[in-house]
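Asks: In case you want the letters, here they are:
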Amino acid sequence: MNSPIEVRVAAVTQITPVIREFTFEPVRGALPGFSSGSHVVVHMPVGERSVRNAYSLLSNPAQTQHYRIAVRLQDESRGGSRYMHEQVKAGDLLQVSPPANLFAPNSQARHHLLIAGGIGITPFLSYLPELQARDASYSLHYAFRGGFTDAYLDSLRENLGTQLQTYDSIQGQVLDLATLLASQALGTHVYVCGPQRLIDGVRVHAEQLGWPEIRVHWEVFAAPEPGHPFVANLARSGLTVEVASDSSLLEALEQAGVEIPNLCRGGVCGQCAVAYLDGAVEHRDAYLSATERSNTVMPCVSRGLCGSALLLDL
Amino acid sequence: MTTHAVQPLFSTPVYQNQPHSKAATRRLVVAQALDQSPVEALISELQAHAQPLQVLAIGGTGTASDALQVAASQAELVQMLHAALRSAPVGTRLYLCGDEAFIWQCREIARHAGMLNEEIELFCAGSRRQLYCVHCSALQDIADQTEVACANCGVNLLVRAHFSQRLGAYMGVCLDPNNVRGEVRP
Ligand code: FES
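For the record, the sequence lines run as chains A and B.
Each step along the first sequence adds one to the number in numbering that gives the first Met the number 0, with nothing skipped, and position 120 is 119.
Each step along the second sequence adds one to the number in numbering that gives the first Met the number 0, with nothing skipped, and position 184 is 183.
If you're looking for bench data, these hints aren't it; they were derived computationally from the structure.
Since we're looking at a predicted model, the values are computed, not measured.
In this text, a Cβ means the ideal position worked out from N, Cα and C, and glycines have one as well.
Check before you lean on any hint, since a few could be wrong.
Beta-carbon label-pair distances, calculated as ranges [as the list claims (entries may be wrong)]: (1) B/P51 to A/T161: 28 to 38 Å; (2) B/A40 to A/G306: 50 to 60 Å; (3) A/S34 to B/P51: 54 to 64 Å; (4) B/F9 to A/Q13: 53 to 63 Å.
Covered stretches of chain A (in silico footprint by chain B; criterion: 3 or more residues with CB under 8 Å from a CB of chain B, positions within the stretch not fixed) [unchecked claim]: (5) 177–189; (6) 201–208.
Input sequences plus hints: build the corresponding full structure.
Replies: So this is what it looks like as structure tokens:
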């Protein structure tokens with residue numbers, strides 16, 4: 000697995016009352032390049048634990064001197080976003096994984112329909128320079144709460160003009176997904192990033208309207224949700240790992256020195272799949288089929304059920 | 000032990016008898032002739048759906064209406080298809096019915112207009128096929144023969160099983176390099 004890169008926090012900027020932007024610069028050498036839609040996983044020491052959250056890179060991929068991410072303070076935070084907001088200052092050192100991309104723009108698309116909800120705007124900020132440089136056809140539909148989650152609104156207005164449509168829930172403006180998706184020219188691909196209900200809405204409407212799945216791209220933007228504590232036993236190494244309620248199984252394994260390949264840390268990419276031999280699983284991923292679930296678990300989001308120990312084939 | 004059935008070539012096109020039951024906002028049928036048997040069955044099947052159904056066809060006995068546009072020739076039908084695709088939204092499903100040469104030509108047009116293979120269904124009727132001469136790049140219509148002379152360059156061609164989806168044609172290669180045009184060597 001790719002080892003993490005050490006970065007220095009070059010700047011911290013408050014963008015809205017709940018969104019902060021962080022600029023990272025390399026401590027030594029150059030940062031690895033990245034493509035539009037990439038994310039990095041930031042390692043955050045929260046108390047005894049290491050919380051790892053994935054954040055989209057929002058800087059221009061052509062500019063490789065630094066990485067920029069934006070973090071929304073989550074109400075039900077497991078500590079990651081709170082740590083970023085309350086602890087991290089300019090000059091601090093952090094570890095980030097090298098960039099990975101699970102949300103790249105499709106090179107065959109005739110039109111790119113971008114749909115962002117709140118902090119879900121971030122991956123599209125790295126799309127726009129590329130789409131504009133390619134002279135590609137696109138439009139951005141941005142839903143937010145004015146004055147609260149409307150990050151980067153002014154610069155987007157200036158930069159995009161009529162290609163930007165905004166929906167401010169404070170003003171009662173509603174993004175009508177069914178109408179929007181019913182009137183897209185042949186060859187359009189849709190990309191959505193934001194809260195789960197927005198992603199679900201786009202996927203459900205697109206399916207009902209006859210969009211093939213390969214035209215629909217989505218990026219989950221949520222850290223794993225907390226759950227009940229449970230125990231995982233590792234069949235081959237004999238280790239026992241206790242998973243606290245605010246830790247994911249993946250994080251607990253990493254904490255115990257067991258590194259599992261992973262990319263999205265959000266239950267969609269399929270990288271972290273682990274076989275289990277016994278125990279009951281609360282599956283929370285969007286990757287495995289019903290049959291696979293009988294013997295495979297995605298530890299980045301899914302958990303063992305409280306009370307029964309999970310036996311992993313590790 | 001059982002003997003294995005001979006696998007068809009990877010490139011061998013697969014055609015449908017029944018439309019897929021997939022959601023759509025609009026359904027567009029393009030038929031080479033309305034009275035071919037798969038076309039009638041397909042249209043009556045699709046009429047069961049609530050979405051608008053549009054049919055473009057050559058000749059035929061039906062009277063033109065909003066739902067049925069009749070073309071006098073294949074060239075005119077192709078123009079109609081171009082026009083229909085220009086205003087079509089994502090969510091359109093395309094059903095192509097006719098002989099192999101016809102449906103693959105229409106499929107190329109639809110793909111150029113931005114449609115994906117997943118949105119296009121192919122129904123094959125008739126035995127006319129297209130042959131591509133790899134020596135002079137000419138296309139010609141053939142029936143089910145396995146050897147034929149190229150109508151353009153005259154080389155005697157073996158009709159290979161390999162089908163090019165882009166060209167909508169089978170590959171024709173020189174049958175006998177020692178006897179290219181079938182003349183007796185001195
Ligand atoms: S890391 Fe992507 S599914 Fe777990």
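Asks: Give a verdict on every hint.
Replies: Okay, the hints, checked on the actual structure:
Between B/P51 and A/T161 the C-beta distance comes to about 30 Å, which sits within the given range of 28 to 38 Å. The given range of 50 to 60 Å is respected by B/A40 and A/G306, whose C-beta atoms sit roughly 57 Å from each other. Look at A/S34 against B/P51: about 40 Å separates their beta carbons, and that is not inside 54 to 64 Å. Checking the proposed 53 to 63 Å range against B/F9 and A/Q13 shows it holds: the Cβ atoms sit about 57 Å from each other.
Coverage of the segment 177–189 of chain A by chain B holds. Counting CB-CB distances below 8 Å, 8 residues qualify, and the rule asks for three or more. Counting residues of the segment 201–208 of chain A whose CB falls under 8 Å from any CB of chain B gives 3; the rule of at least 3 is met.
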